[in-house]
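Chemist: Since the structure of chain V is provided, determine the placement of chains H, C and U on it from the hints.
Protein chains in written order, with the working numbering: chain V, 5 to 292; chain H, 73 to 225; chain C, 19 to 286; chain U, 38 to 376.
It is possible that some hints are incorrect.
Claimed, not checked - These stretches of chain U come out as covered by chain C in the derived footprint (C-beta under 8 Å, 3 or more residues):
#1 90-103
#2 286-295
Unchecked claim - Below, in silico cross-link-like pairs of lysine to any residue (SDA-like), each with a Cα-Cα straight-line distance of 20 Å or less:
#3 270/V x 145/U
#4 133/H x 294/U
#5 83/H x 114/H
#6 270/V x 286/V
#7 80/C x 313/U
#8 281/C x 144/H
#9 80/C x 265/U
#10 281/C x 160/H
#11 277/C x 151/H
#12 270/V x 265/U
#13 201/H x 285/C
#14 277/C x 114/H
#15 80/C x 114/U
#16 190/H x 283/C
#17 114/U x 103/V
#18 80/C x 145/U
In short, the hints are calculated from the structure, not lab data.
Positions of the beta carbon are idealized from the N, C-alpha and C atoms, including for glycine.
Here is how the chains run, residue by residue.
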Amino acid sequence: MSTIAAPAAPARRSLYTPYRMRIAKVTDEAPAVKTFRLEFVDPADAAAFDFKAGQFGEYSVYGEGESTFCIASPPTRKGYIECTFRQVGRVTSALADRDEGDIIGFRGPYGNIFPIEQWHGKNLLFIAGGIALPPMRCVIWNCLDLRDRYKDVTIVYGARTVADLVYKHELAEWDARPDVNLYTTVDPGGQTPDWKGRVGFVPTVVEQVGPSAADTIAIVCGPPIMIKLTLPVLTKLGFQPENIFTTLENRMKCGVGKCGRCNVGKLYVCKDGPVFTFAQLRDLPAEY
Amino acid sequence: MEFAVSAFEPKLVAFVCNWCTYAGADLTGTSRIKYAPNVRLIRLPCTGRIDFMLLLQAFGKGADGVIVSGCHPGDCHYTAGNFHARRRWTLFRRLLDFVGVDLRRVHFAWVSAAEGAKWAELVNDVKTKIQALGPYDAFPKRLDGRPQPAEVA
Amino acid sequence: MEALRQRARELLAAGTVQAVLGYAAGSEPDRARPCFVRTAAEADGLIWNEHCRQNLATYLQKPEVRALGRLALVARRSTLRALLQLAAENQLADGRVVALFVADDGAVTELPTLAAIEELVARLPRGLSDADRQELDRIAALPLGERQAYWAGEFARCIKCYACRAACPLCYCARCITEANQPQWIPVSSDPLGNLEWNIARAMHLAGRCVDCGSCSDACPEGIRLDLLNHVLAEEARTQFGAEPGYSVRKDYALASFKPDDKQEYIR
Amino acid sequence: MTEQRILSRQNLGPLFERLAADGRRILAPVRHGDRVGFERVTRPDEVALDYVQTRTSAKSAVFPPYEPLLQFALQGKDVQVAEPAPDAAPTVLFGVHPCDAASFATLEAVFTWDTPDLPFESKRANLTIIGLSCTQGDAYCFCTSVGGGPGDPRGSDILLTPIGATHFLAEILTERGQAVARLAGELLEPHRGNGKDAALAQIPPRFDARQLGAKLPALFNHPAAWQEQALRCLGCGACAFVCPTCSCFDITDERDRYHGVRLRCWDSCGLALFTLHASGHNPRTKQSERWRQRVMHKFAYQPERLGVLGCVGCGRCSRACPVDMNLAQHAQQLAETAV
Chain V
5 MSTIAAPAAP ARRSLYTPYR MRIAKVTDEA PAVKTFRLEF VDPADAAAFD
55 FKAGQFGEYS VYGEGESTFC IASPPTRKGY IECTFRQVGR VTSALADRDE
105 GDIIGFRGPY GNIFPIEQWH GKNLLFIAGG IALPPMRCVI WNCLDLRDRY
155 KDVTIVYGAR TVADLVYKHE LAEWDARPDV NLYTTVDPGG QTPDWKGRVG
205 FVPTVVEQVG PSAADTIAIV CGPPIMIKLT LPVLTKLGFQ PENIFTTLEN
255 RMKCGVGKCG RCNVGKLYVC KDGPVFTFAQ LRDLPAEY
Chain H
73 MEFAVSAFEP KLVAFVCNWC TYAGADLTGT SRIKYAPNVR LIRLPCTGRI
123 DFMLLLQAFG KGADGVIVSG CHPGDCHYTA GNFHARRRWT LFRRLLDFVG
173 VDLRRVHFAW VSAAEGAKWA ELVNDVKTKI QALGPYDAFP KRLDGRPQPA
223 EVA
Chain C
19 MEALRQRARE LLAAGTVQAV LGYAAGSEPD RARPCFVRTA AEADGLIWNE
69 HCRQNLATYL QKPEVRALGR LALVARRSTL RALLQLAAEN QLADGRVVAL
119 FVADDGAVTE LPTLAAIEEL VARLPRGLSD ADRQELDRIA ALPLGERQAY
169 WAGEFARCIK CYACRAACPL CYCARCITEA NQPQWIPVSS DPLGNLEWNI
219 ARAMHLAGRC VDCGSCSDAC PEGIRLDLLN HVLAEEARTQ FGAEPGYSVR
269 KDYALASFKP DDKQEYIR
Chain U
38 MTEQRILSRQ NLGPLFERLA ADGRRILAPV RHGDRVGFER VTRPDEVALD
88 YVQTRTSAKS AVFPPYEPLL QFALQGKDVQ VAEPAPDAAP TVLFGVHPCD
138 AASFATLEAV FTWDTPDLPF ESKRANLTII GLSCTQGDAY CFCTSVGGGP
188 GDPRGSDILL TPIGATHFLA EILTERGQAV ARLAGELLEP HRGNGKDAAL
238 AQIPPRFDAR QLGAKLPALF NHPAAWQEQA LRCLGCGACA FVCPTCSCFD
288 ITDERDRYHG VRLRCWDSCG LALFTLHASG HNPRTKQSER WRQRVMHKFA
338 YQPERLGVLG CVGCGRCSRA CPVDMNLAQH AQQLAETAV
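Isolated chain V, as found in the complex (with noise of 0.2 Å):
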């Protein structure tokens, strides 16, 4: 099987030596979920770093360790990178603790790319569970700024709750935007009063809104079990496994393909993905 090419990771003194990010600014997106603005302390290594849609990193809290996200933000805006995450544990926990202006640690980019310049001219239809909006946010905002390339853009997304939802000014700014059609969700019992999207599990909702496979791209990522009911779904209404990605979030280490936590079948998801569609994933063992 094929599997989309990495770009070559830069030339460093050790792989593990990471960039000296500063927070530059540190957004409360949902209970526990927060999301950093960082930009680099060496302009040389701003000017020297290029990603493209798709790739993670590995964050650093010196003297707690290092934790994997992809990077939240598109490469079309330069000069920082944004990560969003949730304290779980001892990581997350140390970067919640992190303010403004404060020094973490940055390695990559890592990892393959959403192939966005063959789906020129196609249609794009997002779907994002919880938590798994920031690795498509990098997508969605890399395509929106890019918007005269794609034809219609369509945007489903849920979380448990209302309080849930992640990035809530670009919800309500895609919401009002004539050029994409945003869907929001959240599961029944997750509504408040004033809540004014929809009620209903995200697989359900697809279902309703139908969109049309004909030329469409699909991107899916969310939790396992949103993903396994997504796919019917999308099935039902004609789409090809290979016109659906995902990003898998395996557990990683180093980032390059040698720790070995991330391998699955002869592949290792920090390096022939986290990027897959779903015509590679049916190839694979189902260890992600």
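Modeler: This is chains H, C and U only, laid out in the frame that chain V set:
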């Protein structure tokens, strides 16, 4: 011309309970009893909460001696925390001794809230003893990127 | 050995148990390996000799093994003690396993209930083997510096593979202290402190619970005698607190109880 | 081109002295009771030349159980980061058997494919391997099943084969070997035509690793192939940690208030936490899946992806396993399983 050779000043860590020994140490201060400043107090709710791992952590982070102290038997604020702790210490001491940890560096005491003087005596005594033993380089230290004492020696 | 196989066949044929967990011949004559016998015909593969050492009670907590159904367990003294201790800690329901105790002369006793196990184990000789006792005394008699150096040398070989933990019938925590990282109590790396802390923590968490099976040190790929740490604690718990884990399903964990007049001459 | 010389056992002492004078440290097998392990030595009489296998492998020379990747100085909001000085001491690994010598090719494949790994490469670049052919094996040895052999020169810079009680046949195989040969000078005498093969241990092949690798993908979803074997697996990391080619690792930080270090530590795919996600999801929940990963990775994934086998047949995993999970035996069974 003579140079005064500065004596080794041991680092002592004391794990004490909130209700008796911490209050006792407070009394030492308010009674203006002077005692060795080598000790760092770590206050925990009860000796029952003083996990043996804490003692290892103290040595691993460079303590030369450790004091563990709480309420006298029968006086525990939580009824029986110190009775449970006592059993744990009894076993722990035996294990430490067996693996070659120097028990002269681990001191247990009951110091009540009224025993400010006992606290001062305890700390001074432990300090003198540890001073005589010297730094505890035989105990491995937590890695922090700097050379280990064993490597330096 | 034949008595054991026969009993296994009967239990399987009668449907009393769905599997017999015993030992089969290992790679070499000096080894035996745990095996799961499902049919009467497979019972011919069961063996019994001095190399059948891994405590089989260790397997009882594994989901894959639980899924097999009711089990018969080939047992030596420490296996029986592990079963009783697991029951005392509410980890084993009465009747879930049938213990097949094999005596030194090869005689097999079927023990279908915890009460039966208690009764039998009470009649067995107690205490450490002479060899273990000698090694314990030898190390305890070393001067402090030599004792420290001995264990530093032993722990230096520890590679933190956690075979000791995996082999132990009483190390069943879903999340081990060594995996807790907020804070990181025990260093992940096998540096001198990490190894000392791990080995002390492991022994302490088994203090008053260990049934002296020795599976931990049998499992150690570096041959570290870490069972000695457990023996020392077991001895102290017995002499000081009368703790004899694994002889009763009554919960009498030495560190969860106390007497007002427990020893305290070392406390000032 | 391979040069063949003779090295007398009495000349090992002078050789060790010349290596030391050249600033090289020597790691070699040392016997303690029934245990043999690689240690730093200075004299040949410390070295066990008649051992079958060490408990842990020689991989520590280039991939130690733990090693610093970065050092930090923490100052308020700021941090200074430094890469530790590379472990530059030139090292001679003396007396490793051909299986261990062969393992370095697998380690190199992992650590240098794509992004170079400097902590590994700095150690590997300074390592010269003087191998020692096996005159004896045991029931756990299966090098001949995985493309190696008791006198296999691959991986060694110089390979010594005991000839009689007094001499070694020395095959000088690489430029690094030549450098040692130059240091040895007249200690290496002209070859007098002693036969190598007669001295070697007999290790009958048990399966063909290449054929097994080709077959494994079809066995992946074959429950009988894995579940029964893995039922007795205790899920410890002993097999991986004693393995000369297992190279999976963890990265973890240690710190005090003002200083910290980022460490690389050995890890194992057999441990349940290895793949556990922060969300609680675990791609490999069962021990049989983890054991399968170990076998697949060694015999199918690595050969396909990196062009190297992940097994050199040293047998350490099987000797170390508390419950006698015999890898060679299982591989043989898999090779014989009808797909």
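Chemist: Now tell me, hint by hint, if it's right for this structure.
Modeler: Checked hints:
Coverage of a stretch by a chain is defined here by at least three residues with a beta carbon nearer than 8 Å to that chain's beta carbons; for the region 90-103 of chain U and chain C the count is 4, and the condition holds. Given as covered by chain C, the region 286-295 of chain U passes the check, having 3 residues with a CB less than 8 Å from a CB of that chain where 3 are the minimum. For the proposed pair residue 270/V and residue 145/U, the alpha carbon gap of about 18 Å is at most 20 Å, so the pair holds. About 10 Å separates the Cα atoms of residue 133/H and residue 294/U, which keeps this hinted pair within 20 Å; it holds.
The suggested pairing of residue 83/H with residue 114/H holds, with an alpha-carbon distance near 13 Å, which does not exceed 20 Å. At roughly 14 Å between alpha-carbon atoms, residue 270/V and residue 286/V fall within 20 Å of each other, so this suggested pair holds. Taking the CA atoms of residue 80/C and residue 313/U, the gap is near 18 Å; set against the 20 Å cutoff, the hint holds. The suggested pairing of residue 281/C with residue 144/H holds, with an alpha-carbon distance near 14 Å, which does not exceed 20 Å.
With a C-alpha separation of about 14 Å, the suggested pairing of residue 80/C with residue 265/U holds against the 20 Å cut-off. Between the alpha carbons of residue 281/C and residue 160/H the distance comes to roughly 11 Å, so the proposed pair stays at or under 20 Å and holds. Among the hinted pairs, residue 277/C with residue 151/H is consistent with the structure: their alpha-carbon atoms are about 13 Å apart, no more than 20 Å. For the proposed pair residue 270/V and residue 265/U, the alpha carbon gap of about 24 Å is over 20 Å, so the pair is violated.
Restraint check for residue 201/H and residue 285/C: the C-alpha separation of about 16 Å stays at or below 20 Å, so the hint holds. The suggested pairing of residue 277/C with residue 114/H is violated, with an alpha-carbon distance near 27 Å, which exceeds 20 Å. Simply put, residue 80/C and residue 114/U have alpha-carbon atoms about 46 Å apart, too far for the 20 Å limit, and the pair is violated. For the given pair, residue 190/H sits about 17 Å from residue 283/C by alpha-carbon distance, which is consistent with the 20 Å threshold.
With a C-alpha separation of about 9 Å, the suggested pair residue 114/U and residue 103/V falls inside the 20 Å cut-off, and the hint holds. This hinted pair does not check out: residue 80/C and residue 145/U have alpha carbons roughly 37 Å apart, beyond 20 Å.
Hint violations for this structure: numbers 12, 14, 15 and 18, all remaining hints satisfied.
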